[in-house]
Structure formats: structure tokens, C-alpha cells
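Enquirer: Given next are the chains, with one letter for each unit.
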Amino acid sequence: EAQVTQNPRYLITVTGKKLTVTCSQNMNHEYMSWYRQDPGLGLRQIYYSMNVEVTDKGDVPEGYKVSRKEKRNFPLILESPSPNQTSLYFCASSLFQGGAEAFFGQGTRLTVV
Amino acid sequence: AQSVTQLDSQVPVFEEAPVELRCNYSSSVSVYLFWYVQYPNQGLQLLLKYLSGSTLVKGINGFEAEFNKSQTSFHLRKPSVHISDTAEYFCAVSNGGYQKVTFGTGTKLQVIP
Numbered sequence: 001e002a003q004v005t006q007n008p009r010y011l012i013t014v015t016g017k018k019l020t021v022t023c024s025q026n027m028n029h030e031y032m033s034w035y036r037q038d039p040g041l042g043l044r045q046i047y048y049s050m051n052v053e054v055t056d057k058g059d060v061p062e063g064y065k066v067s068r069k070e071k072r073n074f075p076l077i078l079e080s081p082s083p084n085q086t087s088l089y090f091c092a093s094s095l096f097q098g099g100a101e102a103f104f105g106q107g108t109r110l111t112v113v
Numbered sequence: 001a002q003s004v005t006q007l008d009s010q011v012p013v014f015e016e017a018p019v020e021l022r023c024n025y026s027s028s029v030s031v032y033l034f035w036y037v038q039y040p041n042q043g044l045q046l047l048l049k050y051l052s053g054s055t056l057v058k059g060i061n062g063f064e065a066e067f068n069k070s071q072t073s074f075h076l077r078k079p080s081v082h083i084s085d086t087a088e089y090f091c092a093v094s095n096g097g098y099q100k101v102t103f104g105t106g107t108k109l110q111v112i113p
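As given, the protein sequences belong to chains C and W, one line each in that order.
The opening residue of the first sequence carries number 1 in the working numbering; numbering runs sequentially from there.
The opening residue of the second sequence carries number 1 in the working numbering; numbering runs sequentially from there.
Please keep in mind that the hints were generated in silico from the structure rather than gathered at the bench.
Predicted, not measured: the structure shown is a model, and the values here were computed from it.
Be aware that one or more of the hints could be misleading.
The calculated SDA-like cross-link candidates involving lysine to any residue, where the alpha carbons are at most 20 Å apart (straight line), are [claimed, not checked]:
| hint | chain 1 | residue 1 | chain 2 | residue 2 |
| --- | --- | --- | --- | --- |
| 1 | W | K100 | C | N7 |
| 2 | W | K49 | C | V54 |
| 3 | W | K100 | C | L19 |
| 4 | W | K100 | C | V112 |
| 5 | W | K100 | C | V54 |
| 6 | W | K49 | W | Q2 |
| 7 | W | K108 | C | G40 |
| 8 | W | K108 | C | S87 |
| 9 | C | K57 | W | N24 |
| 10 | W | K108 | C | K18 |
| 11 | W | K108 | C | G107 |
| 12 | W | K58 | W | P40 |
| 13 | W | K69 | W | S26 |
| 14 | C | K69 | C | N51 |
| 15 | W | K100 | C | Q45 |
| 16 | C | K57 | C | S80 |
| 17 | W | K49 | W | N24 |
| 18 | W | K100 | C | S80 |
| 19 | C | K65 | C | N7 |
| 20 | W | K108 | C | R44 |
| 21 | W | K100 | C | P83 |
| 22 | W | K100 | C | E30 |
| 23 | W | K100 | C | D38 |
| 24 | W | K100 | C | P75 |
| 25 | W | K108 | W | V29 |
| 26 | W | K49 | W | K100 |
| 27 | C | K18 | C | E101 |
| 28 | C | K65 | W | K100 |
Sample of chain C residues at the chain W side, in silico, Cβ under 7 Å [claimed, not checked]:
| hint | residue |
| --- | --- |
| 29 | L43 |
| 30 | F90 |
| 31 | Q106 |
Glycine residues also receive a C-beta, built at the ideal position from the N, C-alpha and C atoms.
Take these sequences, add in the hints, and give me the full structure.
Expert: Written as C-alpha cells, this is what we have:
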């Protein structure tokens, strides 16, 4: 079954404690991206990757890092989380960007206290 | 730069009534347009997409959308809604290729029994 898997689904952490949210896809897609979803703001792209070792900033990259060492994995790293990063995070992958359908993970609800 | 406007944040409608969810976009070049649906506690799922060709696009679950280039709109319609259509709907636009996808702020469809 084609899927994008994120872990964990729920996470509560304290300010400043580094964390990683993992994302893995089994469709051999080149393009992967991270979004955050906040009430009234829709989805905003954090980072995206067009292939292994190729990443670029989206609309709201501050406070986040990513890496793409393998085609299937695209982890999101928060080096020093702050309360304003409390949000619902989605990972997505597609064969290519633009006109291709994006497959989304189930989401990770992060709370930073 | 591209943008998407979903003017209606919430749309209540009675079961079996028709519904239209509005989406307007702006872009300086040709576009690809998408509608995604998000059910509670789930990721986004593609409903339909317009890439080229016929301006009337049919999607899953009985939804359809019409691309209107002169009005820069891509409104989503369903002739008769069901309780199970209660969800949040996102319109998105892309310029294609490896260009990013921009999402609207979402419209919550509430179907009333």
C-alpha cells in the first residue's frame, strides 16, 4: 500500500529540547515536503526536497532543519523548539512537484510548553 | 508569486442540498489547480485536479470543479451532499514542474442532518 508514514503522531515537549519528526514514503517519490497547519492559516510549506541531498526553504523555514540522505526519508528537526512551533505538521511526497498528486502523512501534533 | 483565496471559512449546508466552495487564485503564468479534503484527525487527500484540457473536472465522491481562467476561479461543487462529506477542504495552486504548491486557508463544510 502506498503511504507516507510520520512518527510520532503526538508529541509534547519542553522549550529548547531538540526533537526529530520522522517521515518515510514507500512510493520512490523524488519530491518530499513538510508543512505546518495552523487554524485560519491553512498549510504553509516549511522545507522541501527535490531529491537526495537537495533541499530548499519553503515559506516558514525559521527554527527548522531537514535532511535528505535517502530517497524514502525526510526527517524534520527542531533544534530548539519554542511555543510558537506548537502546530500540526504534515509530511507529503509526490512523483514530482507541480501537477503531481501529493500523498500526505497522517500528521504529527506537536505541543511545545 | 501565486496565491489562493478561500473566502468562506465555514459553510453549513443541509444534507442532500447542493454546495459550492469557492476558490480564487492569482498567478502570472499558467497554473495547475487542486482540491484536497481533510477528514478529522487525518492527512489531506486529493479530491481532484486541473492540469489542462476540459475546464470541468470530476473527482472522487461525486465532487466536481470548474476552471474559469477569466475569473481566476476554481470552485468546487457537489449536487447533493452527505453527512460523510463533513470535512475541511483546501484549494491549492502550482505553476508546475518543481515549483511549490500554495494552499488556501481552507473551508470547513458542515453537513447538517
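Enquirer: Hint by hint, note whether the structure agrees.
Expert: Now the hints, each set against the structure:
At roughly 24 Å between alpha-carbon atoms, W/K100 and C/N7 are farther apart than 20 Å, so this suggested pair is violated. For the hint linking W/K49 to C/V54, the alpha-carbon distance of about 27 Å lies beyond 20 Å, and the restraint is violated. Distance check on the hinted pair: W/K100 and C/L19 sit about 26 Å apart at the alpha-carbon level, beyond 20 Å; violated. In summary, the hint linking W/K100 to C/V112 is not supported, as the alpha carbons are separated by about 28 Å, beyond the 20 Å threshold.
Distance restraint check for W/K100 and C/V54: the Cα-Cα separation of roughly 14 Å lies within the 20 Å cut-off, and the hinted pair is therefore satisfied. As the CA atoms of W/K49 and W/Q2 are separated by approximately 17 Å, the hinted pair is consistent with the 20 Å bound. Simply put, W/K108 and C/G40 have alpha-carbon atoms about 11 Å apart, close enough for the 20 Å limit, and the pair holds. Taken as a hint, the W/K108 and C/S87 pair is honoured in the structure, with Cα atoms around 18 Å apart against an allowance of 20 Å.
Between C/K57 and W/N24 the CA atoms are separated by roughly 25 Å; this puts the pair beyond 20 Å, and the hint is violated. Between W/K108 and C/K18, the direct Cα distance comes to roughly 34 Å. Violation of the 20 Å bound is thereby established for this hinted pair. The suggested pairing of W/K108 with C/G107 holds, with an alpha-carbon distance near 18 Å, which does not exceed 20 Å. For the proposed pair W/K58 and W/P40, the alpha carbon gap of about 23 Å is over 20 Å, so the pair is violated.
With a CA separation close to 10 Å, the supplied pair W/K69 and W/S26 stays within the 20 Å bound. With a C-alpha separation of about 9 Å, the suggested pairing of C/K69 with C/N51 holds against the 20 Å cut-off. A C-alpha spacing of about 8 Å is found between W/K100 and C/Q45, which places the hinted pair at or below 20 Å, so the restraint holds. Taken as a hint, the C/K57 and C/S80 pair is honoured in the structure, with Cα atoms around 18 Å apart against an allowance of 20 Å.
Pair hint W/K49 plus W/N24 holds up; C-alpha atoms about 15 Å apart against a cutoff of 20 Å. With a CA separation close to 27 Å, the supplied pair W/K100 and C/S80 exceeds the 20 Å bound. A threshold of 20 Å between alpha carbons decides the hint, and for C/K65 with C/N7 the separation of about 16 Å falls inside it, so the pair holds. Distance hint between W/K108 and C/R44 is fulfilled; the C-alpha atoms sit about 18 Å from each other, no more than 20 Å.
Straight-line distance between C-alpha atoms of W/K100 and C/P83 comes to about 27 Å, which puts the hinted pair past the 20 Å bound. Taking the CA atoms of W/K100 and C/E30, the gap is near 14 Å; set against the 20 Å cutoff, the hint holds. Proximity of W/K100 to C/D38 is assessed by CA-CA distance (about 19 Å); at most 20 Å being required, the pair is judged to hold. Of the pairs offered as hints, the one joining W/K100 and C/P75 holds, with about 19 Å between alpha carbons and a cut-off of 20 Å not exceeded.
As the CA atoms of W/K108 and W/V29 are separated by approximately 29 Å, the hinted pair breaks the 20 Å bound. Between the alpha carbons of W/K49 and W/K100 the distance comes to roughly 15 Å, so the proposed pair stays at or under 20 Å and holds. Distance hint between C/K18 and C/E101 is unfulfilled; the C-alpha atoms sit about 32 Å from each other, more than 20 Å. For the hint pairing C/K65 with W/K100, the CA-to-CA distance comes to about 18 Å; that is within 20 Å, so the pair holds.
With its C-beta approaching chain W no nearer than about 4 Å, C/L43 sits inside the 7 Å limit, and its interface hint holds. Checking C/F90 against chain W by beta carbon gives a least distance of about 6 Å; that is within 7 Å, so the hint holds. Against a cut-off of 7 Å between C-beta atoms, the interface hint on C/Q106 holds, since the closest Cβ of chain W lies about 5 Å away.
Comparing the model with each earlier hint shows violations of hints 1, 2, 3, 4, 9, 10, 12, 18, 21, 25 and 27; every other hint is respected.
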